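Asker: Heads up: the sequence shown begins at 1 in the working numbering, then just goes up one per residue.
By construction, these hints were calculated from the structure, which means they are not laboratory data. Mixed in with the good hints, there may be bad ones.
Derived DEER-like restraints, expressed as beta-carbon distance ranges [said to hold, decoys possible]: (1) D67 - G42: 35 to 43 Å; (2) A104 - R48: 19 to 27 Å; (3) N65 - P43: 26 to 34 Å.
The list that follows gives simulated cross-link-like pairs (lysine to aspartate or glutamate, EDC-like), each with its CA atoms no further than 20 Å apart [claimed, not checked]: (4) K37 - E83; (5) K85 - E45; (6) K98 - D28; (7) K32 - E92; (8) K98 - E84; (9) K37 - E52; (10) K32 - E99; (11) K39 - E92; (12) K85 - E52; (13) K74 - E33; (14) K98 - E52; (15) K106 - D28; (16) K32 - E52; (17) K37 - E54; (18) K85 - E99; (19) K39 - E54; (20) K85 - D67; (21) K37 - E84; (22) K98 - D88; (23) K74 - E84; (24) K32 - E54; (25) K37 - E99; (26) K74 - D88; (27) K32 - E83; (28) K32 - E103; (29) K39 - E103; (30) K74 - E92; (31) K37 - D91.
Every value quoted in this text rests on a predicted model; they were computed, and no experiment measured them. Heads up, the beta-carbon is just placed ideally off N, CA and C, and yes, glycines get one too.
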Amino acid sequence: MPGGARGLYRRILLLHRALPAALRALGDRYVKEEFRKHKAAGPAEAQRFLREWENYAALIQQQINEDKQNLREKTVYGIQLTEEKLNDFRDEQIGQLKELMDEATKPNKKITISKDSEHKT
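Build out the structure end to end from the sequences listed, making use of the hints.
Answerer: Here it is in structure tokens:
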């Protein structure tokens, strides 16, 4: 993956600092896993991967700014995926998305990260 990936990775982790703690932990873990998985991606896949993460970073930046300016009644991060976007996903990606959704929507879910990076619930 090109060198620009490292800067994008850092930018996303910095943006996540403005998120609520549980959301930040979940987001950081997901970003780290995805960037690790795509280290050896071919040029076309890497370009698409980076473009999608650039879009994500821009969206989160906008939502953080709106939240700071109190432009929204309720703070909600992210977007609803369109059916068209979902149809572009591979089965593996759909599975990952479902796992992420399940993790993010667990009631009273408390995410903590210990010093040795083990996740406890």
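Asker: So, for every hint listed, does it hold in this structure?
Answerer: Outcome of the hint check:
1. For the pair D67 and G42, the beta carbons lie near 37 Å from each other, so the given range of 35 to 43 Å is met.
2. At about 24 Å, the CB distance of A104 to R48 agrees with the hint of 19 to 27 Å.
3. Between N65 and P43 the CB atoms are about 33 Å apart, so this pair conforms to the stated range of 26 to 34 Å.
4. Distance check on the hinted pair: K37 and E83 sit about 25 Å apart at the alpha-carbon level, beyond 20 Å; violated.
5. A distance of roughly 16 Å separates the Cα atoms of K85 and E45; the hinted pair therefore holds under the 20 Å criterion.
6. About 17 Å separates the Cα atoms of K98 and D28, which keeps this hinted pair within 20 Å; it holds.
7. A hinted pair counts as satisfied when its Cα atoms are at most 20 Å apart, and K32 with E92 qualifies at roughly 17 Å.
8. A distance of roughly 17 Å separates the Cα atoms of K98 and E84; the hinted pair therefore holds under the 20 Å criterion.
9. Straight-line distance between C-alpha atoms of K37 and E52 comes to about 15 Å, which keeps the hinted pair within the 20 Å bound.
10. With a C-alpha separation of about 16 Å, the suggested pairing of K32 with E99 holds against the 20 Å cut-off.
11. For the proposed pair K39 and E92, the alpha carbon gap of about 17 Å is at most 20 Å, so the pair holds.
12. Proposed proximity of K85 and E52 is supported: the alpha carbons are some 11 Å apart, at most 20 Å.
13. Taken as a hint, the K74 and E33 pair is broken in the structure, with Cα atoms around 29 Å apart against an allowance of 20 Å.
14. Only pairs whose Cα atoms come within 20 Å are accepted, and K98 paired with E52 is accepted, the gap being roughly 18 Å.
15. For a cut-off of 20 Å, the pair hint linking K106 to D28 stands: about 18 Å separates their Cα positions.
16. Restraint check for K32 and E52: the C-alpha separation of about 15 Å stays at or below 20 Å, so the hint holds.
17. The suggested pairing of K37 with E54 holds, with an alpha-carbon distance near 17 Å, which does not exceed 20 Å.
18. With a C-alpha separation of about 18 Å, the suggested pairing of K85 with E99 holds against the 20 Å cut-off.
19. Of the supplied pair hints, the one linking K39 and E54 holds, its CA atoms being roughly 16 Å apart against a limit of 20 Å.
20. Of the supplied pair hints, the one linking K85 and D67 is violated, its CA atoms being roughly 26 Å apart against a limit of 20 Å.
21. Between K37 and E84, the direct Cα distance comes to roughly 24 Å. Violation of the 20 Å bound is thereby established for this hinted pair.
22. Between K98 and D88 the alpha-carbon distance is near 15 Å, which keeps this suggested pair within the 20 Å criterion.
23. For a cut-off of 20 Å, the pair hint linking K74 to E84 is broken: about 27 Å separates their Cα positions.
24. At most 20 Å may separate the alpha-carbon atoms for a hinted pair to count; K32 and E54 meet this at roughly 15 Å.
25. Distance check on the hinted pair: K37 and E99 sit about 16 Å apart at the alpha-carbon level, within 20 Å; holds.
26. About 30 Å separates the Cα atoms of K74 and D88, which puts this hinted pair outside 20 Å; it is violated.
27. With a C-alpha separation of about 26 Å, the suggested pair K32 and E83 falls outside the 20 Å cut-off, and the hint is violated.
28. Between K32 and E103 the CA atoms are separated by roughly 16 Å; this keeps the pair inside 20 Å, and the hint holds.
29. For the hint linking K39 to E103, the alpha-carbon distance of about 25 Å lies beyond 20 Å, and the restraint is violated.
30. Our distance criterion of 20 Å between C-alpha atoms is broken by K74 and E92, whose separation comes to about 32 Å.
31. For the hint linking K37 to D91, the alpha-carbon distance of about 16 Å falls within 20 Å, and the restraint holds.
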